[in-house]
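One line per chain: the protein sequences are A and B, in this order. Per our numbering, the very first residue in the first sequence carries number 4; after that it's consecutive. Per our numbering, the very first residue in the second sequence carries number 578; after that it's consecutive.
Honestly, the hints are just simulated from the structure, not real lab data. Be careful, since some hints might not be right.
What the hints assert, rightly or not - Straight-line distance between alpha carbons at most 30 Å, and here's what the computed DSS-like set of lysine-lysine pairs gives:
id : chain 1 : residue 1 : chain 2 : residue 2
1  : A       : K115      : B       : K594
2  : A       : K52       : A       : K71
3  : A       : K52       : A       : K115
4  : B       : K595      : B       : K642
5  : A       : K52       : B       : K595
6  : B       : K594      : B       : K646
7  : B       : K634      : A       : K52
8  : B       : K594      : A       : K52
9  : A       : K45       : B       : K648
Treat the numbers as computed from the prediction; the structure is a model and nothing was measured.
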Amino acid sequence: AQSVTQLDSHVSVSEGTPVLLRCNYSSSYSPSLFWYVQHPNKGLQLLLKYTSAATLVKGINGFEAEFKKSETSFHLTKPSAHMSDAAEYFCVVRLIAGNMLTFGGGTRLMVKP
Amino acid sequence: EAQVTQNPRYLITVTGKKLTVTCSQNMNHEYMSWYRQDPGLGLRQIYYSMNVEVTDKGDVPEGYKVSRKEKRNFPLILESPSPNQTSLYFCASSPRRQMNTEAFFGQGTRLTVV
């Protein structure tokens, strides 16, 4: 069985300060990991994905995530938040042998001016 | 433009009145699936399909049906909707069984059952 835990349901930062959205997973197999973003009243957009090529993954809009196998974590970071980053973020795991995606509960990021 | 298209985007219906939410993708993807999104629960898979005429239950299939008669279409059917099916629904597709392949999502359908 696999599961994904996003440790914070809400994160609030000031514009220009760093962003950290935390994700831990459990999986019996080597997973693929994704971060998606959902802006209000929009669909889900892929931010980045980990596919075992490199542990530090760079995505769109300045986001990056680091895969740490020993900690079973895949935290999402950005050095400097922008107002347009305000959205809900989902950490997603895919099992090695199937198409099933397991979603975390989501983290709502708020950016204050 | 490569996309997954869902219709309708918004729907209000009454308990027990059958409805269908359509999903179509133009990327020739083998895999398609339906999710529902509820606050604090992320997205949960309802049904998925690995190819034409092949469908299987996800985590929360009760009260839903699907069919996959053509590769591009994967409609979600609620035979007798109930208020607990009020939710935001997403259709997704992905090209094949590869670890590094992300899913592509539709814009969502917000369903309210009164």
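Hints versus structure:
Under the criterion of a C-alpha separation no larger than 30 Å, the hint pairing K115(A) with K594(B) is inconsistent with the structure, at around 44 Å. The suggested pairing of K52(A) with K71(A) holds, with an alpha-carbon distance near 14 Å, which does not exceed 30 Å. Our distance criterion of 30 Å between C-alpha atoms is met by K52(A) and K115(A), whose separation comes to about 27 Å. Restraint check: the Cα-Cα separation between K595(B) and K642(B) comes to about 11 Å, which is no more than 30 Å; the hinted pair holds.
About 38 Å separates the Cα atoms of K52(A) and K595(B), which puts this hinted pair outside 30 Å; it is violated. For the hint pairing K594(B) with K646(B), the CA-to-CA distance comes to about 23 Å; that is within 30 Å, so the pair holds. Proposed proximity of K634(B) and K52(A) is supported: the alpha carbons are some 26 Å apart, at most 30 Å. As the CA atoms of K594(B) and K52(A) are separated by approximately 40 Å, the hinted pair breaks the 30 Å bound.
In summary, the hint linking K45(A) to K648(B) is supported, as the alpha carbons are separated by about 25 Å, within the 30 Å threshold.
Hint compliance for this structure: hints 1, 5, 8 are not met, and every other hint is.
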